[in-house]
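Assemble the complex: chain Z is given as a structure, and chain S must be docked to it using the hints.
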Amino acid sequence: GDSVTQMEGPVTLSEEAFLTINCTYTATGYPSLFWYVQYPGEGLQLLLKATKADDKGSNKGFEATYRKETTSFHLEKGSVQVSDSAVYFCALRGGSSNTGKLIFGQGTTLQVKP
Amino acid sequence: GAVVSQHPSRVICKSGTSVKIECRSLDFQATTMFWYRQFPKQSLMLMATSNEGSKATYEQGVEKDKFLINHASLTLSTLTVTSAHPEDSSFYICSAKGEEAGYTFGSGTRLTVV
Chain Z
1 GDSVTQMEGP VTLSEEAFLT INCTYTATGY PSLFWYVQYP GEGLQLLLKA
51 TKADDKGSNK GFEATYRKET TSFHLEKGSV QVSDSAVYFC ALRGGSSNTG
101 KLIFGQGTTL QVKP
Chain S
115 GAVVSQHPSR VICKSGTSVK IECRSLDFQA TTMFWYRQFP KQSLMLMATS
165 NEGSKATYEQ GVEKDKFLIN HASLTLSTLT VTSAHPEDSS FYICSAKGEE
215 AGYTFGSGTR LTVV
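These protein sequences, in sequence, are chains Z and S.
At position 112 of the first sequence (counting the first as 1) the number is 112 in my numbering, and the numbers step up by one without a gap.
At position 94 of the second sequence (counting the first as 1) the number is 208 in my numbering, and the numbers step up by one without a gap.
Next comes chain Z alone, as it looks inside the complex (with noise of 0.2 Å):
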């Protein structure tokens, strides 16, 4: 079935440095994309998505592309905030399945340091 593989965490880094959650799948089909973020004791929020291959989903200075050939959507951000100390969780919809469901990654946890 489809799933959702993120790299383990935490990461944890000081503020104004780069960052990469990788994120891999495997699906059948033409899933969509998606980062959600999770902040302490909230619910979920959409950060970012892509619909199809080579489409890039872009926000508050984070981005991830839909790559097919390598079957990835790694989250960037050039410069994080203390701010964005956060669970991070990638998922996707579709592939082979139709119900509408998401199937999610593991999350990882990124701590930003000041």
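Do not rely on the hints blindly, as some may be mistaken.
Calculated pairs, DSBU-like style, for lysine-lysine (alpha carbon to alpha carbon, straight line, at most 35 Å) [stated by the list, open to error]:
1. Z:Lys113 / S:Lys155
2. S:Lys128 / S:Lys169
3. Z:Lys56 / S:Lys155
4. S:Lys155 / Z:Lys49
5. S:Lys134 / S:Lys169
6. Z:Lys113 / Z:Lys56
7. Z:Lys49 / S:Lys128
8. S:Lys134 / S:Lys180
9. Z:Lys68 / S:Lys155
10. S:Lys128 / S:Lys180
11. Z:Lys60 / S:Lys169
DEER-style ranges, computed between Cβ atoms [to be verified]:
12. Z:Pro114 / S:Leu182: 43 to 49 Å
13. S:Gln143 / Z:Thr12: 41 to 47 Å
14. Z:Arg67 / S:Val228: 45 to 51 Å
Bear in mind the hints are in silico, worked out from the structure with no lab data behind them.
Quick reminder that beta carbons are idealized off the backbone N, C-alpha and C, glycines included.
Okay, now just chain S, sitting in the frame of chain Z:
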């Protein structure tokens, strides 16, 4: 934008009692509702999918008699954890999908069974 209100945000209950969690779509009609469960430092696991007016479809391994889902209207879905036990302690999150709106998550409910 689309908003989903989830209540309560936190609940502590005694073992053997039942707890109801509500999710309301405030400014759109949620034709489909997804219920997820999240264990500490783990990803979200889909429990069930419900369409308004229909019985919920449960994921493999989820006890439908224990986790009762009702989606009687286009703006309200409830999850009832019946005869709760400490192992049911978790973070429960709903996600609503409307015809026009994307997938909007509630803020989550932290259930602690003592």
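Here is how each hint holds up against the structure:
{"no.": "1", "hint": "Z:Lys113 / S:Lys155", "in the structure": "holds, 20 Å"}
{"no.": "2", "hint": "S:Lys128 / S:Lys169", "in the structure": "holds, 28 Å"}
{"no.": "3", "hint": "Z:Lys56 / S:Lys155", "in the structure": "holds, 28 Å"}
{"no.": "4", "hint": "S:Lys155 / Z:Lys49", "in the structure": "holds, 23 Å"}
{"no.": "5", "hint": "S:Lys134 / S:Lys169", "in the structure": "holds, 17 Å"}
{"no.": "6", "hint": "Z:Lys113 / Z:Lys56", "in the structure": "holds, 28 Å"}
{"no.": "7", "hint": "Z:Lys49 / S:Lys128", "in the structure": "violated, 41 Å"}
{"no.": "8", "hint": "S:Lys134 / S:Lys180", "in the structure": "holds, 12 Å"}
{"no.": "9", "hint": "Z:Lys68 / S:Lys155", "in the structure": "holds, 29 Å"}
{"no.": "10", "hint": "S:Lys128 / S:Lys180", "in the structure": "holds, 16 Å"}
{"no.": "11", "hint": "Z:Lys60 / S:Lys169", "in the structure": "violated, 39 Å"}
{"no.": "12", "hint": "Z:Pro114 / S:Leu182: 43 to 49 Å", "in the structure": "holds, 46 Å"}
{"no.": "13", "hint": "S:Gln143 / Z:Thr12: 41 to 47 Å", "in the structure": "holds, 43 Å"}
{"no.": "14", "hint": "Z:Arg67 / S:Val228: 45 to 51 Å", "in the structure": "holds, 47 Å"}
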